[in-house]
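Undergrad: Please build the complete structure, drawing on both the sequences and the hints.
Each chain, letter by letter, is given below.
Protein chains: 2
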Amino acid sequence: MGEKRKMESDAKVLERVIESAARAAAPAAASTPAERAAWLRAAADALDAAAAELIPLAAKETHLPEAPRLRGELARTTFQLRLFGEVLSDGAFLGATIDHADPNWPMGPRPDIRRTVVPIGPTLVFAASNFPFAFSVAGGDTASALAAGAPVVLKAHPGHPELSERTGAVLRDALVGAGAPDGMFDVIHGVEAGVTALKDPRIAAAAFTGSVPGGRALFDIASSRPTPIPFYGELGSVNPVVVTPGAVKTRGEAVAKGFVGSFTLGTGQFCTKPGLLFLPEGHGLDDVLREAVAAVPGQPMLNDRIAGGFRDAVARLRGEPSVTVLAGPEPDGTRLRPTLVTLRGADFRAAGEAVRSECFGPSSIVVTYRDQEELRELLDELEPGLTATVHAEDAEVEDIRAILPALTRLAGRLLWNDWPTGVTVSWAQQHGGPYPATTAPTTTSVGTAAIERFLRPVAFQGFPDALLPPALQEANPWQLPRRTDGHRD
Amino acid sequence: MGEKRKMESDAKVLERVIESAARAAAPAAASTPAERAAWLRAAADALDAAAAELIPLAAKETHLPEAPRLRGELARTTFQLRLFGEVLSDGAFLGATIDHADPNWPMGPRPDIRRTVVPIGPTLVFAASNFPFAFSVAGGDTASALAAGAPVVLKAHPGHPELSERTGAVLRDALVGAGAPDGMFDVIHGVEAGVTALKDPRIAAAAFTGSVPGGRALFDIASSRPTPIPFYGELGSVNPVVVTPGAVKTRGEAVAKGFVGSFTLGTGQFCTKPGLLFLPEGHGLDDVLREAVAAVPGQPMLNDRIAGGFRDAVARLRGEPSVTVLAGPEPDGTRLRPTLVTLRGADFRAAGEAVRSECFGPSSIVVTYRDQEELRELLDELEPGLTATVHAEDAEVEDIRAILPALTRLAGRLLWNDWPTGVTVSWAQQHGGPYPATTAPTTTSVGTAAIERFLRPVAFQGFPDALLPPALQEANPWQLPRRTDGHRD
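Sequences listed follow chains A and B, in order. Positions 0 to 488 (numbering that gives the first Met the number 0) are the ones given, in order, by the first sequence. Positions 0 to 488 (numbering that gives the first Met the number 0) are the ones given, in order, by the second sequence.
It should be emphasised that the hints constitute simulated quantities derived from the structure, not laboratory data. One or more hints might be untrue.
As the list claims (entries may be wrong) - According to the in silico footprint, chain B covers these stretches of chain A (three or more CB under 8 Å from chain B):
| # | region |
| --- | --- |
| 1 | 90-98 |
| 2 | 415-425 |
Claimed, not checked - If the Cβ cut is set under 8 Å, some of the chain B residues that face chain A in the computed set are:
| # | residue |
| --- | --- |
| 3 | R75 |
| 4 | W104 |
| 5 | I112 |
| 6 | R114 |
| 7 | S222 |
| 8 | V247 |
| 9 | G251 |
| 10 | A353 |
| 11 | A394 |
| 12 | V396 |
| 13 | A401 |
| 14 | T420 |
| 15 | V424 |
| 16 | F459 |
| 17 | R487 |
| 18 | D488 |
Think of the CB as a built atom: it goes at the ideal place given N, C-alpha and C, for glycine as much as any other residue.
TA: Next up, the structure:
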């Protein structure tokens, strides 16, 4: 693991970056969605063009394989920028709503009132370590904030500082080259700079992807400012998977192998890693699971700090008296091999925090349940997260219907006969959930709805048409979908 | 001012109410929008039918006049419940979005994924003092949470405890009578009970309307829970009004009288009271303003505590050396008369907090500005709020365009040649704004979009049609407006 140059933005750099973002807020708010779509397309093209430089840099700093992983991740990242361009062209995100004056409105005469959204203002984005493209400098938080018209101050993750610098330069140059205001995007480095920026009154919102302790500390800072700001933190998730007796019987081996593939994918460094597998007692899959884990090659983690955290977490897991190790080396081993443990449902309920909180890395826990009733009790005990998954047969639909409310309480995304580690970027995606999955359960950080986090509604009452934003002008010059006098156009 | 019976919900009552709300969450989430619309209509009918009992009770506890004020407010309240019924029938609030599986999705094959919203869970609503119907027990927060399918624990305002008890009983009986689960709605009393409920892990969200100190204290509690929850606080607002030279020249007297009518309406006890009037230097309206204020009859405030707070605030205002009193008695007078002071723009910028924070009651401040440039500088200094208003002539549209970004930064609702104290309930209404207007600037507490605060998105990936919520089933049984594969239906 190579020595990394420690980067810290000093006070002068930080002031320049934040002040530039603050100055960019007004011209950014005055830009049209079509202009911002062009900025995003230019950014995507520039990043694609820089792939030959950026991908080897990412591989060097993160130990992730170039192909297919990093290539695929960069493709995802530039696709995401372009998809937000489509959101801007579509225009529904503006929520344009028009109520004409109505002297007969039942609660009393109604003035002409029209509502749309404006950018929330300069936004601080904390990049994640585990996706050096898709959840980092040019990732989903950045893309959705820029699409909303909010200038972005990007706090780089220390895990890939050179990549962050270079990605930031490519992105900034492309945006400004396409007509975005100077200050629309810039990168800062260092914990202290990040915290100072988060406290700065010019920053109007923040987004974060990372650990529960780190995210909670920043959420607390954002919430305790003299002027608190929205803090969109995506923190931790256990991602339970329920397997029914029918699925075990019909295709138990395939499910077991799929599970091992999912929890070890990317060395288990995904926020959607399945951390709990609920199998019926007597499932008979222990040998299959053991063999599947043994077949996974040793892989490096993102950095030494994360590897150390994983070793500690595995040691705590193995220290639970009721836990049996199915596969995995002693925790003092130097090679990082996946770890899989198992325990009974009754023991799970009595066990400590180690079995029910996220462990970042290639480990997971098989919990055996006696019957449907015990399964539901176990689900009711879990803390919420990003995902909950079911593997079941079509004939078992009614059994699943009975636990669907319990699963819905648990997560922002429910999966059927699939694995949670793939997170597509689309219109219907939801990547969020109640705390500790996120600090903002009504929002998503992936998918087109992520733009909503950086928009603030404003209503105009009795305004002359010439002063209204185009989205609200009577003639509907942008031909937006609107709601007028309660009716969708 | 009559002696009020002090009400406090003891620990036993509180536990019963919260546990009932928690138990109601699952059946409420399983209810259909059509069922909830029927609950709300039944509630509205029952409240209308109880008007003869409730209105005199409200007048007794709040000193507000029965007609037109309290009658109009109850009409607004029941209209609001019915309007959320229309939101439920409309169905767009469900945000139903369907992305079919797509092997050619540019970032890689896409699974079938479908997104809608579910209720956020048991919600604690803190009632306001100043609108004993519309922002209290059966007010906007309650109506929008119930519409969303979130059970409501209502913390009554101590200013009208008997009315709260009676309104709560009527509302609860109507809801349960119409088929809502037991525990869908109940009332608690007392500061301690409210704080205990806010810390309870079964409570998933909270809403509040009231003062900045009170709201901030509760926001801090909500944010520092082991599991933080969304806290939708509507706190304070200065509500600046800008009058142009053209408006002074053409209709200065009418503007001055309209202003006095607005800041003294309801004894100045509105969160949208215009607290700052920017007039061009040499406006010549001082005499008109003085006479208009003198013509306002003395009125009681809601209660002695609020009246005491107002007297203190007026004393601080009069204590500012640069302030000249245009109208108003000495602050030690026993009758509550409106107070209007004035100061120059240059002095405003040097003056203290008393001239720039909300004063709850019938007082306001005239600030004179030298020119357009000073006006903009003054606006840039103000803290955000709920509204910002312009009085101008059509010929001055370009002058206003130049300050529109400054006004938009300041508020969630902008008004043209109108007064902010009327807040209609409609599809396009926006009652919110950056802190300290609210603790959640991306939301509104009035208008149909208020429902969004109590809904949480959930995506279903690869689910069999039979297990999907009706909103997401392929056949679209509820005939909802949906987005399918990126296209609006």
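Undergrad: Quick one: which hint numbers does this structure break? Sort them smallest to largest.
TA: Violated: hints 8, 9, 10, 11, 13, 14, 18.
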